[in-house]
Amino acid sequence: MGHGLRIEVDAELCIGSGDCERLAPGAFELVDDVAVVRDPEAADEETLRRAERSCPTGAIRVLDA
Amino acid sequence: MPDNVRSVSSRRVVVAGAGLAGLRVAETLRRLGWEDEIVLVGEEDVPPYDRPPLSKDVLLGLRDPESVALRPRERLGELDLDLRLGVRATGLDSARRELATDAGPVGYDELVIATGSVARSLPLFDGLENAMTLRTLDEAIRLRDDLVHAGHVVVVGAGFIGSEIASAARERGIDVTVLELDPVPLQRVLGAELGNGFAALHRENGTDLRLGVTVERVERDGARAGRLHLTDGTAIEPDLVVVGVGAVPATAWLEGSGLELGNGVVCDDRLRASAPGVSAIGDVCSWPNALFGGRRMRVEHWTNASEQAGHVARGLIGEDTGPFRGSNFVWSDQYGVRIQFVGVASPDVAAVDGTIGSAPFLAWYREDGRVVGALAVDAPKLLLRSRKAIEAGATWEDALASLQD
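Listed in order, the protein sequences are those of chains A and B.
Heads up: the first sequence runs through residues 1 to 65, numbered per my numbering.
Heads up: the second sequence runs through residues 66 to 470, numbered per my numbering.
None of these hints come from the bench; they were simulated from the model.
Glycine residues also receive a C-beta, built at the ideal position from the N, C-alpha and C atoms.
Hints should not be assumed to be uniformly reliable.
Claimed, not checked - Between beta-carbon pairs, the in silico distance windows are: (1) Ala165(B) x His3(A): 46 to 56 Å; (2) Glu284(B) x Leu63(A): 24 to 34 Å; (3) His3(A) x Gly359(B): 48 to 58 Å; (4) His294(B) x His3(A): 26 to 36 Å; (5) Val34(A) x Glu143(B): 38 to 48 Å; (6) Asp211(B) x Arg38(A): 32 to 42 Å; (7) Asp10(A) x Gly422(B): 19 to 29 Å; (8) Asn328(B) x Arg6(A): 39 to 49 Å; (9) Gly2(A) x Gly192(B): 45 to 55 Å; (10) Asp470(B) x Asp44(A): 16 to 26 Å; (11) Asp10(A) x Gly323(B): 41 to 51 Å; (12) Asp44(A) x Ala415(B): 36 to 46 Å; (13) Val34(A) x Asp470(B): 14 to 24 Å.
To be verified - Coverage of chain A stretches by chain B, computed from C-beta distances (three or more under 8 Å per stretch; other residues unrestricted): (14) 2-9; (15) 54-64.
What the hints assert, rightly or not - So, partial list: chain B residues that the calculated Cβ filter (under 8 Å) puts toward chain A: (16) Pro130; (17) Glu131; (18) Ser132; (19) Thr368; (20) Ser371; (21) Trp396; (22) Tyr400; (23) Arg403; (24) Leu447; (25) Leu449.
When you get a sec, could you build the whole thing from the sequences and use the hints?
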């Protein structure tokens with residue numbers, strides 16, 4: 001059973017740092033230097049929260065379902 | 066094909082420097098359909114890696130050093146690059162269009178210089194086993210390991226990197242003294258008024274911040290730094306010293322090449338250097354920034370490296386890119402607080418949202434009636450609006466109105 005969390009990426013804020021994809025490769029993917037959400041269940045909650053914190057522009061929000 | 070022979074039917078791009086900027090040029094070229102050779106030359110014998118985590122999560126032991134690689138090996142292979150790691154650029158013959166390296170000359174049709182910057186060291190600490198700078202992946206791993214057993218760390222310099230190192234050490238429960246020569250931290254980036262807020266941030270988190278002071282003399286204990294004598298007459302005795310006093314552009318290898326140098330590689334507004342077929346990007350590039358009236362600058366931040374790389378790559382493909390306008394975005398994580406800055410600082414600064422010393426907070430810098438810079442603390446959406454206003458050259462009033470939307 002997964003954590004059931006949702007992820008939102010604000011594409012306007014995203015600067016294509018790619019940190020999210022490096023930390024949680026199945027959950028995020030950079031397409032033309034903008035992060036796109038793939039499968040939130042591909043990473044555990046702690047990893048998703050780290051990706052959220054590490055985003056340089058605060059573009060990522062990890063939310064309850 | 067031998068390195069000194071170039072086909073007439075294809076063009077070879079050589080990128081000197083395999084950091085973020087260098088890799089981004091290669092990625093952008095491939096994405097835009099460049100099919101010819103791309104040679105990427107990097108001094109360090111590791112694939113291109115991301116630098117910001119080195120002074121943050123890597124120091125805290127929260128991230129594996131392998132995880133800072135900008136592209137995992139398989140995806141690096143997809144770019145079909147001629148990747149030459151552990152190869153140092155040593156000179157340039159722009160007439161013959163050859164990059165000199167310690168592994169022999171590499172001929173180019175187009176050369177992009179992306180050799181970045183080098184941490185400035187202080188001669189007082191040269192050769193001492195327990196003193197270091199932090200710039201490379203190797204240094205981050207070493208510092209992370211040294212922090213495990215350290216009881217007292219002295220950080221020389223309260224800039225972004227020094228402050229992040231102090232923050233990481235404090236988070237590990239280590240006693241930290243930060244020595245800053247200026248009367249206020251981050252004064253050169255943020256100005257005196259806002260820098261004060263960051264002095265408080267250090268102190269609230271238990272860092273012993275000493276302003277207007279630096280090291281005058283080091284008592285050596287064999288090959289280690291023992292007691293440090295400061296310019297205010299006091300003395301401290303740390304286990305470890307980290308020097309964070311800025312960086313210098315990596316242009317020593319270009320001395321004598323004839324390329325115009327001066328606080329970096331001197332470029333025009335399209336990032337072209339003074340020799341044909343040569344551009345420079347990232348930390349090493351000095352250029353007149355069209356966004357700020359052609360003011361010449363050199364920017365050592367992540368977004369600049371990435372954006373300049375994209376700009377030059379599009380120019381190489383044949384796009385008419387125009388002058389490079391850079392808004393100089395930078396971020397820093399200190400003591401759990403997210404600091405963001407965009408634009409340029411000016412003496413005329415005012416709080417726009419919140420009060421200095423508490424978060425969230427936004428301040429703007431004004432010049433000639435326009436907003437030219439913004440500092441945000443834990444206010445990412447406001448910073449984005451500020452960035453847009455600055456990039457649009459908005460007047461102060463119009464920019465303020467845009468915050469309300």
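- Task: May I ask which of the numbered hints given earlier this structure violates, with the numbers listed in increasing order?
- Result: The structure conflicts with hints 2, 4, 5, 10, 14, 16, 17, 22 and 24, although it agrees with all the remaining ones.
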